[in-house]
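Dock chain B against chain A, hints included.
Chains A and B, in that order, are what the protein sequence lines are. Heads up, the first sequence is in the UniProt record's numbering, so the first residue is 1 and it goes up one at a time. Heads up, the second sequence is in the UniProt record's numbering, so the first residue is 1 and it goes up one at a time.
Because the hints were derived from the structure by calculation, they are not lab data. Glycine included, every Cβ here is placed at the ideal spot set by N, Cα and C. Possibly wrong hints are sitting among the right ones.
[Unchecked claim] Derived SDA-like pairs: lysine to any residue, alpha-carbon spacing no greater than 25 Å straight-line:
hint : chain 1 : residue 1 : chain 2 : residue 2
1    : B       : K58       : A       : L231
2    : A       : K63       : B       : K63
3    : B       : K58       : A       : E247
4    : B       : K195      : A       : L231
5    : B       : K37       : A       : P23
6    : B       : K111      : B       : G72
[Claimed, not checked] Have a look at the derived ranges for each label pair, beta carbon to beta carbon:
hint : chain 1 : residue 1 : chain 2 : residue 2 : range
7    : A       : L243      : B       : E247      : 21 to 31 Å
8    : B       : A68       : A       : P113      : 18 to 28 Å
9    : B       : K63       : A       : K221      : 57 to 67 Å
10   : A       : D184      : B       : E247      : 32 to 42 Å
11   : B       : E166      : A       : D198      : 23 to 33 Å
Listed here are the chains, written in short residue letters.
There are 2 protein chains.
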Amino acid sequence: MSANVQDTIVLFGDSITQGGWQPNGFAQRLAYVYARKLDVINRGLSGYNSEWAIPVFKQIIAKKSEQANVPGIALFTIWFGANDACILPSRQHVPLPRFSANIAYFITALKDPESEYYSENTHIILITPPPINTYQRGADLQSRNPPVALDREFEVTKQYAEAVKEVGKRHGVPVVDIWTVFYDAVGRDEKKLAKFMDDGLHLNAEGYEVMYDSLIQTITKEFPEIHYEKLPSVFAPWAEIDLKDIENSVQANRFKI
Amino acid sequence: MSANVQDTIVLFGDSITQGGWQPNGFAQRLAYVYARKLDVINRGLSGYNSEWAIPVFKQIIAKKSEQANVPGIALFTIWFGANDACILPSRQHVPLPRFSANIAYFITALKDPESEYYSENTHIILITPPPINTYQRGADLQSRNPPVALDREFEVTKQYAEAVKEVGKRHGVPVVDIWTVFYDAVGRDEKKLAKFMDDGLHLNAEGYEVMYDSLIQTITKEFPEIHYEKLPSVFAPWAEIDLKDIENSVQANRFKI
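Isolated chain A, as found in the complex (with noise of 0.2 Å):
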């Protein structure tokens, strides 16, 4: 069994999350750097909205009576909406005042002292879903058999990217505001999001790297406490071992996150 020897960072949302471990995805970006100090625990779950996503919110984070031995969670990242903002009739459509609830509610959870999830020392960053690029969107579906109708609109999703900026603002949690970040990096113009993503809807590599930058820019910013050149390693520096007492030199040293 794996004892709880390092915290974590949670990464909390869709595809997009679960696409992260891709060679230069934004989970391998954040293992890389933190290795040593914290374990990466991806939780992207491919298709899912924020509605289907509360019981595995229950199942994710330990309750009051399960936090022994189990590892606390520096950082959690929210990544929904891109899923949620589908247009009807997909079964993965999500109202936008339901969505807005769903995102506040995983905030309350972790951060209301009365819930059974309360996570203390636990820092929540939002991240916005990504500007659709109908162009390519369109253009995958329709190369389907039997071709399939688009599913996602441009201006549908930036209502949704604005709720999670409206739910952050609301409850004092920093927003990675990736739609507008990309969206402004293209100059505005819908058709150069290709730079970002693939398929209109998942991010490249260069996706990855701007939106992982975006978000090492929020933890210095907001989080300065957890940056990765601010923590220690849990274990020493080889250099660092006193041969003469190898067993106290290589206790494992914890921060309090």
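Same frame as chain A, but now just chain B:
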């Protein structure tokens, strides 16, 4: 706090394991293919030898008294030797018999029912240290300021690789013999090992690719039950969620490791 909802793959070793989080490194590749099935926990410690790893092992593996709520380890890889094989007067040097005993200790601690670290369902794979390219390593050390003498020898590291194979055979534990895989792949020409290593010691992306493929081959042959294609996703694929009973649809589905 992060709940125990998925079991794990734990990668235990030195810098060559720690570096597995590089893009296309073996940790990244495992995390990608095992997403939603097993979490990858990297316990690679740059510079460490098997001797210093013993007190680390005792902290990263849960004792019986700590096992409530901690995830199981479906696969535990042990990859030491590259530093143990340093030649005297290096402080990283571990004598060969002691190295063999240390590797055997890790196996026995996990597999002996009397051990306080007993982990009945953990599959263990040993990995041999890669061959040293003393041409590259020597040039790297000579280029430092001040220059450093060669700290590893081709034939010495080979003996440590042989020792891993011997321990594996004696304990019935599969071995990924990356020493031989690399050396054979370059026609047994030490200089040509530059294909897999940029500095004569650490793996580059091509080295990790070959190593990952060898590891997956070993899993396929020795432990097919934990091949990623054989494992279900812990949370249901989104198209299988019953909209009339979302909560039951997404109950975690854990296989017996």
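Taking the hints in turn, this is what the structure says about them:
no.: 1; hint: B:K58 <-> A:L231; in the structure: holds, 23 Å
no.: 2; hint: A:K63 <-> B:K63; in the structure: holds, 22 Å
no.: 3; hint: B:K58 <-> A:E247; in the structure: holds, 10 Å
no.: 4; hint: B:K195 <-> A:L231; in the structure: violated, 35 Å
no.: 5; hint: B:K37 <-> A:P23; in the structure: holds, 19 Å
no.: 6; hint: B:K111 <-> B:G72; in the structure: holds, 14 Å
no.: 7; hint: A:L243 <-> B:E247: 21 to 31 Å; in the structure: violated, 55 Å
no.: 8; hint: B:A68 <-> A:P113: 18 to 28 Å; in the structure: holds, 24 Å
no.: 9; hint: B:K63 <-> A:K221: 57 to 67 Å; in the structure: violated, 40 Å
no.: 10; hint: A:D184 <-> B:E247: 32 to 42 Å; in the structure: holds, 40 Å
no.: 11; hint: B:E166 <-> A:D198: 23 to 33 Å; in the structure: violated, 48 Å
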